[in-house]
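With the hints as extra help, turn the sequences into a complete structure.
If you're matching them up, the sequences are chains A and B in order.
My numbering applies: residue 152 is where the first sequence begins, and numbers increase by one.
My numbering applies: residue -15 is where the second sequence begins, and numbers increase by one.
Honestly, the hints are just simulated from the structure, not real lab data.
Treat each hint with caution, since some may be false.
[To be verified] Far from chain B, some chain A residues (derived; all Cβ distances over 10 Å): (1) S193; (2) D216; (3) Y289; (4) P321; (5) V355; (6) V386; (7) T393; (8) P446; (9) I547; (10) E558; (11) V561; (12) E586; (13) V628; (14) R656; (15) E659; (16) F724.
[Claimed, not checked] Covered by chain A, according to a simulated footprint, are these stretches of chain B (three or more residues, beta-carbon under 8 Å): (17) -5 to 8; (18) 27 to 40.
Quick caveat, the model's predicted, so the values are computed rather than measured.
The C-beta atom is built at its ideal place from N, Cα and C for all residues, glycine as well.
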Amino acid sequence: MSTLERDVLSRAELDALVREQEEQLADLRSRLAEWQRAFDSSEKRDAAFATVSGREIEPLYTPLDRAEADDVDALGLPGFYPFTRGPYASMYRTRLWTMRQFAGFATAEETNARYKYLLEQGQTGLSVAFDFPTLMGYDADHARALGEVGVCGVAVSSLDDMEALFQDIPLDRVSVSMTINGPAIILFAFYVAAAEKQGLSADVLRGTVQNDILKEYQAQHAWVYPPEPALRLIVDMFEWCTEHAPKYNPISISGYHIREAGATAAEELAFTLRNGFEYVERGIERGLDVDLFAPRLSFFFDVHSDFFEEIAKLRAARRIWARGMREKYGAKNPESWRLRTHAQTAGVSLTAHQAENNIVRVAYQAMAAALGGTQSLHTNSMDETLALPTEKAVRIALRTQQILAHESGVPNTIDPLAGSYYVESLTDDLERDAEAIFAEIDSIGGVVHGIEQGWFQQRIATSAMRQQRAIESGERVVVGVNRFTDGSGAIEIETLTMDPEVERRQVEYMAKMRAARDDQAVARTLAALTEACHGDGNLFPKILDCARAYCTLYEIRHGMEQVFGSYKEPVSF
Amino acid sequence: MTDSQRRVRVLVAKPGLDGHDRGAKVIASAFRDAGFEVIYTGLHQTPEMIVSAAVQEDVDVVAMSVLSGAHMTLFPRVKELLDEAGADHVLVTGGGIIPEADMEALEARGVGRLFGPGTRTTDAIAYVKEWFAQRETV
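Written out as C-alpha cells, the structure reads:
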C-alpha cells in the first residue's frame, strides 16, 4: 500500500481509508452470514475440534476476528520490537537454526565418542544430558547414586570427568548446552575449568547452562537448595558471566519440563515467562544493570503436537517478553527485549505403541518449531519412550531436521504464517491467556510463594489428569494407542541397553581421582566456600577454586548446603 | 463391614532421584477416584523410606513409578526390604519406562505386574482390584 510509504496522510485521505475499510468489513459480515448458514447445514464429523491443551477452535477465522488489532504494532517486523515475527532481521536466511541433539550416557569417555559421532554427522552444537545423580548433585560413588550412575545421562562428578567429556573437542569452536539446574553453578565451574585446561579463557565460551531452578520446583524436580539461596546462586552466575563470559548464556528459562509434566500451552507460556521476569527482578534487586544481563537470558520451549497453537505460542512468547522487558522493567537495549529460544519436540507425545509413528510426530513438531522461529532445535528419537535412543534413531531424528531445513522450503521466507487470521488470532489468545495467568500468580503472592504453596505443582497435575482422561475416553485420539491399534503392543524396534558395568567403572575412576588430588587444596577451597556462603559476595569464584582443586560435585554441593539447607517439597497430588 | 469391603490402601511412591512425577500423580489421582485409599510419598525416596512408610501406613499395595532406568535396582530392593520387615503380603507393582524383558525378570523375583508407557489407568486399577479380591478370598 503506497500510503504506508509516506509519512503523512491528509485528513481526507484518512477518512476515505477508514470508510473503505468499514465497507469491506460490512461486506465481509454479510458474506460470512451466508457462509455460516452453509456451514450449519453441513454434516459434521464426530470429533473434538480443540487443541491438545483443550482450547476450542473455531471452524473459520476471518479478518473480523482481529478487526481491532493493530498489526503494525503487534507484529512489527523480524528483528524489531516486539519481535512477534522473529528475533532477528534475517532469520534462517543468514543461519539455519542450530541442530542440537541432547545426548549423554554412561561414562564421560563413551559420551565423548557419541559427541564426536554427532559432530561428524553434521550436528552443529552439543547438548549434555547428565545422569540423575549428577542432576541432583551426588557423586557417582555416593550411596544415593546406586543403580542410577550413567543410566539416564552421563555421570560428571568432578573436573576430571568434564575434561574427559570434551577431550579433543575445542570448546571455543563448539557451543555446548548443559541441562543442569540444582547444582548448575558447580557444573558450570567444572566447564570453565575444563576450558582452562584446553588453554581457553571463559570469554571465548559459547553455549548455555539451563540453570532454571524455578521450573525445577514447579515441574522437573531436580533441586538442591531452597528457593532464596538457589536464586542467589543464579544471580551470581548472571553477574560473573556478564563480566567474564559475555558470549555464554547463564540461564535457559525453560517451559519444556513444565509442559512435559502436564501443563497446557498457555500455562507453559505463562509460567515460563513469569519465571523469566522473576529472574530479571532478582538481577535488578542485586543492583545489576538490566541491559547488561538481560541480553544473555535465553529460553527453551516444548513444541507439542498441535501445529498452529505451538507456532502461535512461540510468536506470543517473543511479544510478551519484549513488551514486559521494555515497558515494565525499563530495558532500553533492544538485545534485552529479544527472546531467543531453543525448542525440543514433545517427549510426552511419543508413544511406545507403534514407535516408528513417532518419526512422523517429530517431523510435524519440528516444522512447527521452525515456523515459530526457533534458534535451535532438538528432535526426539522414535524410541525415547522405551529407552535411551539408539544411534540409528538419533540419526533419523537429526535427518528429520536436515530434510526440513534443506528440502521443505520452510526456511526460505521469514515467519511465513504471519497474517494468517487463525495464527494471529491464536497468538493474541495465548498472549491474553498468559496475562490472565500472570495476574493469578500475582494474586497468590508471586512465584516463590506459589511454589512453596504447591500452587504450580497442583495446577500442572490437574492439567495432566485432564489430558489423561481425554485420552482414556477417546475424546483425544492418539494413533496406535486408542485408535488404529492394529499391530500395537509388541515393541518392534531395537533399543539401547546400558551396561551395568558402567557404575562400577565410574566408581573406580572416582577412587583414582580422589587418590591423585591434593587433599589440602580440597579442604582449603571447600572451607573458603562454606565461609563465603555466610556473606553476600559472589560465590562463583570460590566454586571455581574448588573445581580447579578437583573437589567433587557432592563435596561442593555439601559445602554450601551446610549454610543453605536443602529444599523440602510440598507433597500433594 | 466384611474384609472384602475394606478399601484398598495404596502407597504411591517415587523411588530414586528421578523427578518425573506426572505418571505417579496421575495414577495416584486415578486410584483415589477408583475408591482406593492413597498415600503419596513425594519425590526422591530411598527404598528404605518407602518400606518404612508402607509398614507404618499398613498398606496393601506399593505402586512405584520409575522412569530413570534404575528399575532393576529399585523394585527388587523394595520387595526385599518389605519381606525382611515381615510385609511379604504387600503387592509391589508399578510402571514407567521398563522394557518387557525386565518386567518378566522382575516378576520372577516376586514383583507384581508392571505397566509401560501408554497404559490406561483403568487397566492398572482393574489389576489391583483383582489382586486384592483374590487375596481377600484366600
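Right, here's what the structure says about each hint:
{"no.": "1", "hint": "S193", "in the structure": "holds (34 Å)"}
{"no.": "2", "hint": "D216", "in the structure": "holds (34 Å)"}
{"no.": "3", "hint": "Y289", "in the structure": "violated (7 Å)"}
{"no.": "4", "hint": "P321", "in the structure": "holds (32 Å)"}
{"no.": "5", "hint": "V355", "in the structure": "holds (34 Å)"}
{"no.": "6", "hint": "V386", "in the structure": "holds (24 Å)"}
{"no.": "7", "hint": "T393", "in the structure": "holds (30 Å)"}
{"no.": "8", "hint": "P446", "in the structure": "holds (30 Å)"}
{"no.": "9", "hint": "I547", "in the structure": "holds (20 Å)"}
{"no.": "10", "hint": "E558", "in the structure": "holds (31 Å)"}
{"no.": "11", "hint": "V561", "in the structure": "holds (30 Å)"}
{"no.": "12", "hint": "E586", "in the structure": "holds (27 Å)"}
{"no.": "13", "hint": "V628", "in the structure": "holds (13 Å)"}
{"no.": "14", "hint": "R656", "in the structure": "holds (17 Å)"}
{"no.": "15", "hint": "E659", "in the structure": "holds (19 Å)"}
{"no.": "16", "hint": "F724", "in the structure": "violated (4 Å)"}
{"no.": "17", "hint": "-5 to 8", "in the structure": "holds (count 9)"}
{"no.": "18", "hint": "27 to 40", "in the structure": "holds (count 3)"}
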